[in-house]
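Q: With chain R held as given, fit chain S onto it using these hints.
These protein sequence lines are chains R and S, in that order.
By the count of the working numbering, the first sequence reaches residue 887 at its end, each step adding exactly one.
By the count of the working numbering, the second sequence reaches residue 1001 at its end, each step adding exactly one.
None of these hints come from the bench; they were simulated from the model.
All clues stand as given, with none of them false.
Covered by chain R, according to a simulated footprint, are these stretches of chain S (three or more residues, beta-carbon under 8 angstroms):
#: 1; stretch: 907-919
#: 2; stretch: 942-951
#: 3; stretch: 962-968
List of simulated lysine to any residue pairs, SDA-like, C-alpha gap at most 20 angstroms:
#: 4; chain 1: S; residue 1: K973; chain 2: R; residue 2: T6
#: 5; chain 1: S; residue 1: K962; chain 2: R; residue 2: E23
#: 6; chain 1: R; residue 1: K232; chain 2: R; residue 2: R204
Here are some chain R residues pointing at chain S (derived, C-beta under 7 angstroms):
#: 7; residue: R5
#: 8; residue: T6
#: 9; residue: E27
#: 10; residue: F30
#: 11; residue: H31
#: 12; residue: M34
#: 13; residue: R56
#: 14; residue: F57
#: 15; residue: G58
#: 16; residue: V63
#: 17; residue: S66
#: 18; residue: Q70
A virtual CB, placed ideally from N, CA and C, is assigned to each residue, including glycine.
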Amino acid sequence: MRKLRTLWFRLLEAASRGRSESELSNEIAFHIQMRKEENIRAGMEPGEALRAARLRFGSVESVRESYRDQRGLPWIETTWADARYAVRMLRKSPGFTAVAVTMLALGIGINAAVFAIANAVLFKGFPFVYRNDRILYITTSSKGVYYPDFEDWRTQAESFAGMAIVRGVPRTLSGQGDAVETYFTAEISTDAFEVLGVRPILGRDFTPADGKPGAAPVLILRHDLWEQRFGKDPAIIGQTVRLNGIPTTVIGVMPQGFAFPEGQFLWTPPMPSPEALRRDTGYARFVFGRMADGATIQSARTEMEAIGRRLASAYPRTNRGVVPVVKNFNEFFIGENATALYKALWGAVGFVLLIACANLANLLLGRAAGRSREISIRAALGAGQWRIIRQLLVESLMLSSLGGIFGWWIAGAGVRVYALSQSSLDWTTHVLGYTMDYRVFVYIVAISVGTGILFGLAPAINLAKLDVNTALKSGGGAAGGTRVKRFSALLVAAEGAIVVVLLAGAGVMIRSFLNVSTADVGVKTANILTSSLNISLEKYPTAEAWIAFYESLEARLQTLPGVESAAIAEGGPSEAVPGSRYELAGDPVADERRTVPALVVDAGYFRTLGASMISGREFNDFDRASGIPVGIVNQRFASRNWPGENPIGKRLRLFRGEPDPAKGKPRNPHDDWLTVVGVVSNIVQNDPTLQNFDPLVYLPYRQRPGPYMFVFVRTRVPPGSLGNAFRRAAQAIDSDARVSVVMPLEERLHQVSSFAFQRNMSALLLVFAAIALLLATVGLYAVVAHSVSRRTREIGVRMAMGAASSDVFQLVLRQGIPPVGAGLAIGLAASFAVNRLLKAELVQVSPNDPTALFTASALLVWSATLGCLIPARRAMRVDPAVALRHE
Amino acid sequence: MRERTDVWQGTLSLMVLKTLQVLGPQHGYGIARRIEQTSEDLLSINDGTLYPVLLKLEQEGSIAAEWGVSDNNRKARFYRITNRGKKQLAREEHEWQQANAIIGRFARLRKDQA
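Here chain R stands alone, though its shape is the one from the complex (with noise of 0.2 angstroms):
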């Protein structure tokens, strides 16, 4: 209590230090003054007065001094006094400081931006919700989430305090503005906003009548569209808009940057069509649930799969062997594979910092050497240990206080980049802030600090270390000496090892990336345009419908200028497409599990995309619901099935629907034989590292009629230049059909496949490696030139009894290759073990790969024979008469 009492008085003394020594002198002055009085009323002199007054006083000066350790607080006073002779010290060498505060700027900056979007992606969760941690995603081992179960969790689930079903759908969006947008929406619980904790900032939120059978249809924006579509216009609130073309009315707007679950746009409360009421009809892909108190994920798991049990034995026939998976966001959103690419990437960057601080600190003790004669003064005048070394802490701190500055910068520019380079690919980016938030701050000044102390302190103690009286004596003094030497030497391994590990890693995810960005997908793949088109089930209510639709929007396409051909499918090469179990005709031992992706195609496909046929013929327009069934197969299909036959004629059949004994229903049509007549070239399908050639079924559309088709445009011109083309071409023959996605096949491709994420992992660790190895060879060539600058007499020697340039070069290489050998050799071992870590994310490309592994040395060892180069040729010319001459 005194203590703190103390403490608080001299920080106010510290405060008001000025005035309190003015303050001591009157005091002082006033004693004097009344005791020379009293000698002077006891008989003396008025001179001889003042001077015994003085003498009985004793030495003014010591009072002070004495005055001032004991206020305020000199602690933080010699530490502000450390600081200004820090920046005296930085200013007198600008080099060094440029040098040392670049590598930490880069070091740290890189390091925080990749803090920042790990921090987004793996721990942030969504902005706005409260306590993302206690948001649980919840899904089935099968495909979907059935309404009724949902209901039936909803109501039995303890571990929950609340629980809200979503549903994303693309629909159109039309009135206020004349313009017919699709957009991607939700279907969202009523109260779904109020488990996540978000209220609109505008307007109200759902209530549950909004969600009851008959309410009249309303709808809150995303702050984006609000801004986009409506010009921020408040009055937005309670006008109608026309969605799907039912009036619908605003009722809110949500807050900016807030688009839950996966970037919609509008939220809706659901409508589940009667038909989705049904258990046996899938209808949204999850459901999320604020955890009660004192719930926790394993409870919640534990309680959720009871439930599941019980619904399987009340349902056994929709709901044996559904199992309820309860996920978190990160384990739901990003993935196990994703979680452990972020993390290595952060371990990647924590790398480079590391071989920066190495580097500072190999600067440091070269410096040392020349410092040794300023800190053994110091050291004689009464300098302690703990003070020298405390002066050579504030200078590193101070470089790396402005290296986390720049640094600063540099992760926000870094960030922006990503979020760019992310944004068209991944809706994280619209949904997860990337943001230089306040935990990005903390970190990087955290990380300022520890890189600061962690360079600082090595050199610090070895110079505090220093025996004063021989580093007085010898001029230039050797600080450390051999101890010295062999720390930088283990510096330079160590930074060899980090260097060799990353540049392995950017190897084989380049190679990756290669692998997926070359692939052949089977198709000539320039000059298409692709777009996805959804017709209203209520405007095209029958299979005819849908074929008079599609068969004019290719007419009215084909008439466009530019264009070639135009074709519709179900889906584009290496888009999913969901496998039938399938029997061929006079196979009675059909395996039961045996299953074939089966697309549906117009007669156009194959011409369209560049596929060619290699036997047979295509689908025709007698390839009609009255026709026979037809398919085509792919090479793939007719050599694992029919090796060696001719496959024309054949018959199979898939499953596309299970008969339904219980329910009496007849046989799906769909289950009609088919007759294979012809054989097309492999097309990648389902394969989103774009690699593997499947077995494929082809089905002609108009005998597998559907309204939501994709279709493809062979063009003469640039493709992308035909989108508004292709738009008013569809709306032209109806104002309401929904089209999305226009953009080249090319494109397409990149979104559907992995190509971005492998782009940008491979890019981001390059740059990673590059700035690593760039890092590396700078701190090497310092240690190695600081070496020569201190043997030149030595040289000089070496070089006047008959030493040759070789002999000096092969001295100086000595030096450098040995120790970043020995880091190559480490870096080696253990970029098999770290590799490993990519193994998942890596597209026909082994981990250990020798190509990847053995440039990764090459790089290595050709940098540091160029950093070894430049100071070895120095030595060389060394003039043995001026190198004698020399100190």
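A: Same frame as chain R, now just chain S:
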């Protein structure tokens, strides 16, 4: 060297507190004079030594200081004892008397009593 100063400061602060308790608010010179008189000039220390002790006591809250006017109309800094200081004084006086008593007993110790 430092230990001896500490001892002095310890005893000096006791003297300062006692002086202030008995005589009421005093300036630094007044305190110095009183201590001289009380110790009958047996204690010869530099007047300057007093000031760091005053500062320490002030920081600990045992005394408080403010500027006032002296008997001969000069601006002077007056110190007075606080309640906290009175408690501290009582405690320290007690400790000193105890210590004195113990030391006294040892001083009177003779060989035959051992």
